[in-house]
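Please take these sequences and the hints and turn them into a complete structure.
What follows is each chain in one-letter form.
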Amino acid sequence: MSDTHELDELLQRATAPHMHFDPAAAIATGRRVRRRRRIATAGGALAAVTAVGIAVTAAVPGSAPLLPAGPSKTSTASPKPTGSAGPSATQRCFPSDAERGTAWAGGSAKGSQRGGKVVVEATVREGCGEDVVGVGDLGGDAQVTVMFKAAPTSAQWVVADAAVLFLPKGQRPCGYSFGTDLPAPTTLPQANGWDLVIQPVPSKLLRKAAATGTVDLCEGSTPVTRGLKQIGWNGPGTQWYEDHKRNAATQGSGTATTGCDLDTLVGSTVPGAVQWVDETLTIPGAGRLTVDAQTHPGCTGDGHTSSWDPTQRAARLEVDVPAVPTKGFWDTVWMGGDAPTGVFLVPPGQSLCDIDFSRSGLKATPKLSAPQRVSLRDGWTLVAQPLPRVDNMQTLSASFCTGKEVTTTGVTPSS
Amino acid sequence: MSRQRDLDEEFAEFARGAAPRLLKAAWLICGDPHQAEDLVQSVMVKVYLKWSRLREGSPLAYARRCLVTTHIDTHRRTGRETAVAETPELGSWDRSWDDTDEVVRLLATLPLRERQVVVMRHYAGLPEAHVAELLGISVGTVKSSASRGLTRLRQALHPTVDVPEDARSAEVREGNHV
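Protein chains in written order, with the numbering used here: chain W, 1 to 415; chain C, 416 to 593.
Accuracy of the hints is not assured; some may be wrong.
[Claimed, not checked] Once the Cα atoms are required to be at most 16 Å apart in a straight line, the calculated EDC-like pairs of lysine to aspartate or glutamate come out as:
no., chain 1, residue 1, chain 2, residue 2
1, W, Lys208, W, Asp181
2, C, Lys465, W, Asp356
3, W, Lys229, W, Asp216
4, C, Lys465, W, Asp309
5, C, Lys558, C, Glu548
6, C, Lys465, C, Glu517
Note that these hints are calculated values from the structure, not bench results.
Below, the structure written as structure tokens:
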């Protein structure tokens with residue numbers, strides 16, 4: 001092969017076997033991933049999503065990613081049945097593009113987290129089981145889609161990129177629970193006699209606002225509503241949350257809740273999902289590493305997903321577990337270059353005391369660089385340990401110790 | 416909503432156009448058509464997620480980068496590779512290359528890094544500097560990897576040709592990759 005052109009020709013002429021690629025599937029999966037990231041960004045409490053719901057919305061061509069928002073404040077629907085993950089997709093109502101509903105309110109204003117405008121489109125879709133809120137990316141603008149199951153009769157609001165409020169004429173927001181020094185809102189009068197208010201939310205407040213934010217409403221200077229929760233609020237105190245909590249307590253974690261198997265429920269959250277870990281570290285020579293772990297009471301299994309963005313040099317590890325584990329565990333995250341980083345979650349009072357390379361094929365025990373440690377509020381410790389390159393990470397195992405005593409040994413990576 | 420639909424259609428058009436070559440590159444690198452399909456599917460999802468930014472730039476370059484990095488990631492996580500029991504005995508350049516397995520078997524004799532370099536240089540036709548950036552290695556490493564890869568392929572094609580010592584030692588060092 002004196003001439004490399006021969007190799008070029010060899011590779012070019014090689015007839016590849018028939019292989020298939022489906023752009024629609026890539027788009028559907030991309031929407032699902034995007035939705036998960038958005039849920040995480042918004043604090044995970046914005047909406048409840050079932051696997052069924054994801055599949056159905058993802059399959060709607062040309063539709064914005066949508067999040068079923070749980071029971072509306074005005075809902076008269078019966079509580080979700082105990083022991084299930086909620087109503088079926090049909091009940092939740094993910095309409096096709098052909099069923100666009102009746103336009104109810106809309107408009108746009110500056111103030112998107114993406115730098116552009118917040119574009120709001122609200123429709124009424126008779127027959128839907130519950131209200132649905134979605135956020136889409138319009139290349140710098142945020143598309144907030146709200147589908148009401150019935151025309152609202154009282155004020156409604158939600159934090160989705162910005163705070164979006166639908167208010168009867170004469171009412172105005174006069175206090176938010178998540179902050180006081182907010183940018184000026186934009187009020188857009190609607191043909192139906194209501195006002196659409198778009199309130200930009202500083203990014204540092206967004207997570208808190210989406211997760212727990214409430215608003216006070218006034219007419220003139222007189223308060224008419226205090227602490228109004230958002231569309232789809234499903235936290236403590238709601239029927240859905242209490243049903244789910246009771247279900248989890250009575251059935252135990254060993255019983256799968258339909259549609260709530262975390263092994264398969266990638267990209268979703270359920271009522272009462274709680275952020276457990278949300279930490280970002282900088283790994284020298286590699287990039288940023290974000291660890292995002294959520295607990296999902298009542299679910300079964302566990303989900304571990306990592307991704308690497310070479311353009312941002314940023315990795316993200318997402319862990320979904322039914323509850324805070326009782327034993328230490330770890331995952332590997334590839335961050336470009338030659339070697340991965342081990343991400344260890346160490347229980348309170350314990351330490352990561354050993355990583356066993358004896359089955360890795362390495363000829364000698366490698367000398368590891370210094371790990372980074374972050375103490376979590378609940379006593380757990382997050383340890384990020386750059387690891388050497390090995391062919392199969394599952395050949396590595398970790399031990400956790402209490403003092404000098406080995407507590408757990410032979411722990412292989414979860415993913 | 417219509418803007419999003421336009422972006423999706425634009426992405427789909429790009430994906431349909433780029434997929435054949437990416438699939439073939441993926442197949443040459445990983446040696447298995449099903450794995451190649453999985454690889455390209457996950458690459459395209461990554462491209463889709465950044466489409467609003469990539470559409471004005473070089474989405475194909477990003478896709479290539481993702482292809483390589485995702486393959487490395489998959490390789491390290493699962494150790495999945497097409498096993499090659501022995502180097503195929505290939506007669507000469509004049510033989511028919513309709514036997515697709517032979518090409519892949521030939522490439523599979525190369526360690527992972529060399530295979531990636533060879534495919535990106537000689538199938539994708541990327542300059543050395545671009546391959547270096549793509550793989551996160553130096554231009555010198557690209558050159559040496561390409562050289563070793565070519566030497567090894569030459570040996571596979573023409574068994575009478577001697578393999579230089581540096582290529583042999585590299586094979587010992589990295590031989591457990593495939």
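Going down the list of hints, with the structure as the test:
1. W:Lys208 - W:Asp181: At roughly 15 Å apart (the allowed maximum being 16 Å), W:Asp181 and W:Lys208 satisfy the hint.
2. C:Lys465 - W:Asp356: Cα-Cα ~38 Å, so violated.
3. W:Lys229 - W:Asp216: Holds, at about 9 Å.
4. C:Lys465 - W:Asp309: holds, 10 Å
5. C:Lys558 - C:Glu548: holds, 13 Å
6. C:Lys465 - C:Glu517: violated, 36 Å
Hints 2 and 6 from the list above are not met by this structure, while the remaining hints are.
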